[in-house]
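Undergrad: Letter by letter, the chains look like this.
There are 2 protein chains.
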Amino acid sequence: MTDQQTGPDTSPATSPAPVTDPGSASGPALSRRRLLGTAGATGLVLGGAGVAAGYTAAPAAATPLTSLGADRAMFHVKHQPGITTPLQARGHLIAFDLAAGAGRKEAAALLRRWSDTAERLMAGEPAAHDDTDVARDAGPSSLTVTFGFGHSFFARTGLEKQRPVALDPLPDFSSDHLDKNRSNGDLWVQIGANDALVAFHALRALQKEAGSAARVRWQMNGFNRTPGATSHPMTARNLMGQVDGTRNPKPSDDDFDKRIFVPASGEPAWMANGSYAVVRRIRMLLDDWEKLSAHAQEHVIGRRKADGAPLTGGGETTAMDLEKTDADGNLVVPLNAHARITRPDQNGGAAILRRPFSFHDGFDGDGVPDAGLLFIAWQADPLRGFVPLQRKLDRGDALSQFIRHEASGLFAVPGGAAKGEYVGQRLLEA
Amino acid sequence: MTDQQTGPDTSPATSPAPVTDPGSASGPALSRRRLLGTAGATGLVLGGAGVAAGYTAAPAAATPLTSLGADRAMFHVKHQPGITTPLQARGHLIAFDLAAGAGRKEAAALLRRWSDTAERLMAGEPAAHDDTDVARDAGPSSLTVTFGFGHSFFARTGLEKQRPVALDPLPDFSSDHLDKNRSNGDLWVQIGANDALVAFHALRALQKEAGSAARVRWQMNGFNRTPGATSHPMTARNLMGQVDGTRNPKPSDDDFDKRIFVPASGEPAWMANGSYAVVRRIRMLLDDWEKLSAHAQEHVIGRRKADGAPLTGGGETTAMDLEKTDADGNLVVPLNAHARITRPDQNGGAAILRRPFSFHDGFDGDGVPDAGLLFIAWQADPLRGFVPLQRKLDRGDALSQFIRHEASGLFAVPGGAAKGEYVGQRLLEA
Numbered sequence: 128m129t130d131q132q133t134g135p136d137t138s139p140a141t142s143p144a145p146v147t148d149p150g151s152a153s154g155p156a157l158s159r160r161r162l163l164g165t166a167g168a169t170g171l172v173l174g175g176a177g178v179a180a181g182y183t184a185a186p187a188a189a190t191p192l193t194s195l196g197a198d199r200a201m202f203h204v205k206h207q208p209g210i211t212t213p214l215q216a217r218g219h220l221i222a223f224d225l226a227a228g229a230g231r232k233e234a235a236a237l238l239r240r241w242s243d244t245a246e247r248l249m250a251g252e253p254a255a256h257d258d259t260d261v262a263r264d265a266g267p268s269s270l271t272v273t274f275g276f277g278h279s280f281f282a283r284t285g286l287e288k289q290r291p292v293a294l295d296p297l298p299d300f301s302s303d304h305l306d307k308n309r310s311n312g313d314l315w316v317q318i319g320a321n322d323a324l325v326a327f328h329a330l331r332a333l334q335k336e337a338g339s340a341a342r343v344r345w346q347m348n349g350f351n352r353t354p355g356a357t358s359h360p361m362t363a364r365n366l367m368g369q370v371d372g373t374r375n376p377k378p379s380d381d382d383f384d385k386r387i388f389v390p391a392s393g394e395p396a397w398m399a400n401g402s403y404a405v406v407r408r409i410r411m412l413l414d415d416w417e418k419l420s421a422h423a424q425e426h427v428i429g430r431r432k433a434d435g436a437p438l439t440g441g442g443e444t445t446a447m448d449l450e451k452t453d454a455d456g457n458l459v460v461p462l463n464a465h466a467r468i469t470r471p472d473q474n475g476g477a478a479i480l481r482r483p484f485s486f487h488d489g490f491d492g493d494g495v496p497d498a499g500l501l502f503i504a505w506q507a508d509p510l511r512g513f514v515p516l517q518r519k520l521d522r523g524d525a526l527s528q529f530i531r532h533e534a535s536g537l538f539a540v541p542g543g544a545a546k547g548e549y550v551g552q553r554l555l556e557a
Numbered sequence: 128m129t130d131q132q133t134g135p136d137t138s139p140a141t142s143p144a145p146v147t148d149p150g151s152a153s154g155p156a157l158s159r160r161r162l163l164g165t166a167g168a169t170g171l172v173l174g175g176a177g178v179a180a181g182y183t184a185a186p187a188a189a190t191p192l193t194s195l196g197a198d199r200a201m202f203h204v205k206h207q208p209g210i211t212t213p214l215q216a217r218g219h220l221i222a223f224d225l226a227a228g229a230g231r232k233e234a235a236a237l238l239r240r241w242s243d244t245a246e247r248l249m250a251g252e253p254a255a256h257d258d259t260d261v262a263r264d265a266g267p268s269s270l271t272v273t274f275g276f277g278h279s280f281f282a283r284t285g286l287e288k289q290r291p292v293a294l295d296p297l298p299d300f301s302s303d304h305l306d307k308n309r310s311n312g313d314l315w316v317q318i319g320a321n322d323a324l325v326a327f328h329a330l331r332a333l334q335k336e337a338g339s340a341a342r343v344r345w346q347m348n349g350f351n352r353t354p355g356a357t358s359h360p361m362t363a364r365n366l367m368g369q370v371d372g373t374r375n376p377k378p379s380d381d382d383f384d385k386r387i388f389v390p391a392s393g394e395p396a397w398m399a400n401g402s403y404a405v406v407r408r409i410r411m412l413l414d415d416w417e418k419l420s421a422h423a424q425e426h427v428i429g430r431r432k433a434d435g436a437p438l439t440g441g442g443e444t445t446a447m448d449l450e451k452t453d454a455d456g457n458l459v460v461p462l463n464a465h466a467r468i469t470r471p472d473q474n475g476g477a478a479i480l481r482r483p484f485s486f487h488d489g490f491d492g493d494g495v496p497d498a499g500l501l502f503i504a505w506q507a508d509p510l511r512g513f514v515p516l517q518r519k520l521d522r523g524d525a526l527s528q529f530i531r532h533e534a535s536g537l538f539a540v541p542g543g544a545a546k547g548e549y550v551g552q553r554l555l556e557a
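Going line by line, the protein sequences match chains F and W. Heads up: the first sequence begins at 128 in the working numbering, then just goes up one per residue. Heads up: the second sequence begins at 128 in the working numbering, then just goes up one per residue.
Simulated from the structure, these hints should not be mistaken for lab results. Careful, some of the hints might be misleading.
Since the list gives no way to pick out one identical chain from another, each pair is judged satisfied if it fits inside one copy or across any two copies.
Unchecked claim - Lysine to aspartate or glutamate pairs mimicking DMTMM-like chemistry, simulated, CA-CA at most 25 Å apart:
no. : residue 1 : residue 2
1   : 205       : 415
2   : 377       : 303
3   : 432       : 472
4   : 205       : 306
5   : 307       : 497
6   : 307       : 488
7   : 335       : 488
Next up, chain F with everything else stripped away, as it sits in the complex (with noise of 0.2 Å):
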């Protein structure tokens, strides 16, 4: 996991040197980058009794550059960055297809372009041309950016006979109420930093990079907790004030890389290091959920609200004892718990890796929130990682009255560029 390890960016100590904008013709000019180094050492120094004194400062007064600004994704790395990354505060998704004319060649420009922005973008840099310096004066805040082919990208680009067979379209789940509008696409980006205004810099900067080759199909914004906002020694929640993601695979397991990259060797060749991104916007029903007592919220999830730990004892990382039976003879976690459903060990060793958003887009009529989760599960193979495990919520999870699938997509997501390299290269100039 090496490769996807963050830390603060201490490359302007040991490059101070001026670097040239190649989008510039008015020559050398101080990179972001060069300016957030000597700032950011200053900051450093300040150490926590800083930031404290800056924040209680009068209005707007700076605040020191911590490692919430300083930490940096590396770019070329072995698998793309924004799969194992920590959440991040802030996330854009967006899908784009090819404009009507643009195929191969131009999805291949396209790529290299987005890869450039996303290794500048990334390392604290403005982008080429035409910087919109909404970043400015940010770190690197821990951006990533993350590129996906859709099913239908293959045959615009006369490249079906690369189409992994793992794109075929999802079967349909009873639950679903997909909007075709906000579902799927050619290509698909993933953006993640814990800064909204680096995020948003970086989301404009692609967009604008799309050019005359791609139009956007479909656009959404998320969030996570802010790091720094709690010391918990526990996985995210979401919107519903559960524990989220406790059975998440973690790297350090056997069987990690197993579960949710292609192998080095696997097939198609170009898909080496990926893996698969199943995205679902879901929406919560929360006025209905948050009806329930607390009580009954856990019978429907099986888990403690407080701690994520299961029903049936110990601490969130507790292995669920699906046995047990309560005075009555009742099983402690029920038969329908989403919890119980969702479990490896019950699916034939199913796993994704599970890394969402929450999503909140204003209230509908009659204050109704248009809130929820933008999950998006990472996996080596869809067929054996998120269709099984929605094939078996589709038909019994207690959770599935309080929420509800609007859009869908599937994407491959190659492995990480090699140095000099783009993103899907082996791909689109095999």
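Got chain F; can you put chain W on it based on the hints?
TA: For chain W alone, kept in the frame of chain F given last:
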């Protein structure tokens, strides 16, 4: 300004006893705040190294509670929180109309419930009734809740005689494209926090407390830079990439209180220490804006993009030389430059405290971003603050062709509640 200060919540250390949850029949319960106190201490012991180590660990690993999470704004203060409080990373604006049949009595009970809830949540406690657990494990994260009354509130509650003249409807401006359904409202609530789940938790808790007394009229979401993402000693940036708020009055200014707050002896008496909020949803026409060169953008604003300094030289806070001409005899800061028009000393001393959130509600058709600024301006008197300023802008601001005012509200925000009091009590129980 001491009444607005935030800082680590140290109270758990001095009051470690379990707190009885008045909403629970099962007796004493550990308060969220107490749990946080313990866990927070651990985080602080780990210090800076702990932050980095936590961050580079496996996905969703715990990060220590930093000042970002521990910082707390006070509820019982002279001026309501959320006016001079430093900008927060996440914000919600929500307006309510009283329900049919609800009058002064129901409004008073609602404000009492809301004040109680705001005080609890700002301290990191759960809501009194049926807490959703969405903010569980998180620190207060500088949460603020601010309450205001709109023009229509007073007739509905039989309090016309108490309605401030300052609440008279804003004049029409030629650049207005206002959506009435997203404008005004009987009651207005502003929520800000540095954690998105803490902010959403408060939004839902306050919505739930409205019960049958009031229904949601409109709701908007916004964001600012996350504390720690930048170390630059500079004002916030907006989605146009401009430094925004440079000329904001400072709490250290001699006339700050006079310009921003109604005096203790002001009229009407219930507005003592209060302020007026002008709220405008200002859409930015980013596709048009970003077609301009940075040079052209700087001439629209009159300031440099890089650092917000006037085009006439110096740094961000250097006074603008309004008379300076270039070699051709042209004014360096054009006559219609936004920064020239909005200068307080060109507007009879009119001054507003701008405390905005950016917004981004996805894309319209064809990939046009629905994004801009939730402009929130604070002043002692809108007729000497926002109105003359906006009139001048309306006549000749070069920026006006790149923005569109889509919604508008004007709210009377009373002073902070004393201990034992609720916000607005001096109006509703006069």
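Undergrad: Run every hint past the structure and note whether it holds.
TA: Here is how each hint holds up against the structure:
1. 205 with 415: neither (43 Å within a copy, 39 Å between copies)
2. 377 with 303: neither (29 Å within a copy, 53 Å between copies)
3. 432 with 472: Within one copy, since 23 Å is at most 25 Å while 56 Å is not.
4. 205 with 306: neither (34 Å within a copy, 49 Å between copies)
5. 307 with 497: both (18 Å within a copy, 21 Å between copies)
6. 307 with 488: Both: 18 Å inside a chain and 19 Å across chains, each within 25 Å.
7. 335 with 488: both (24 Å within a copy, 18 Å between copies)
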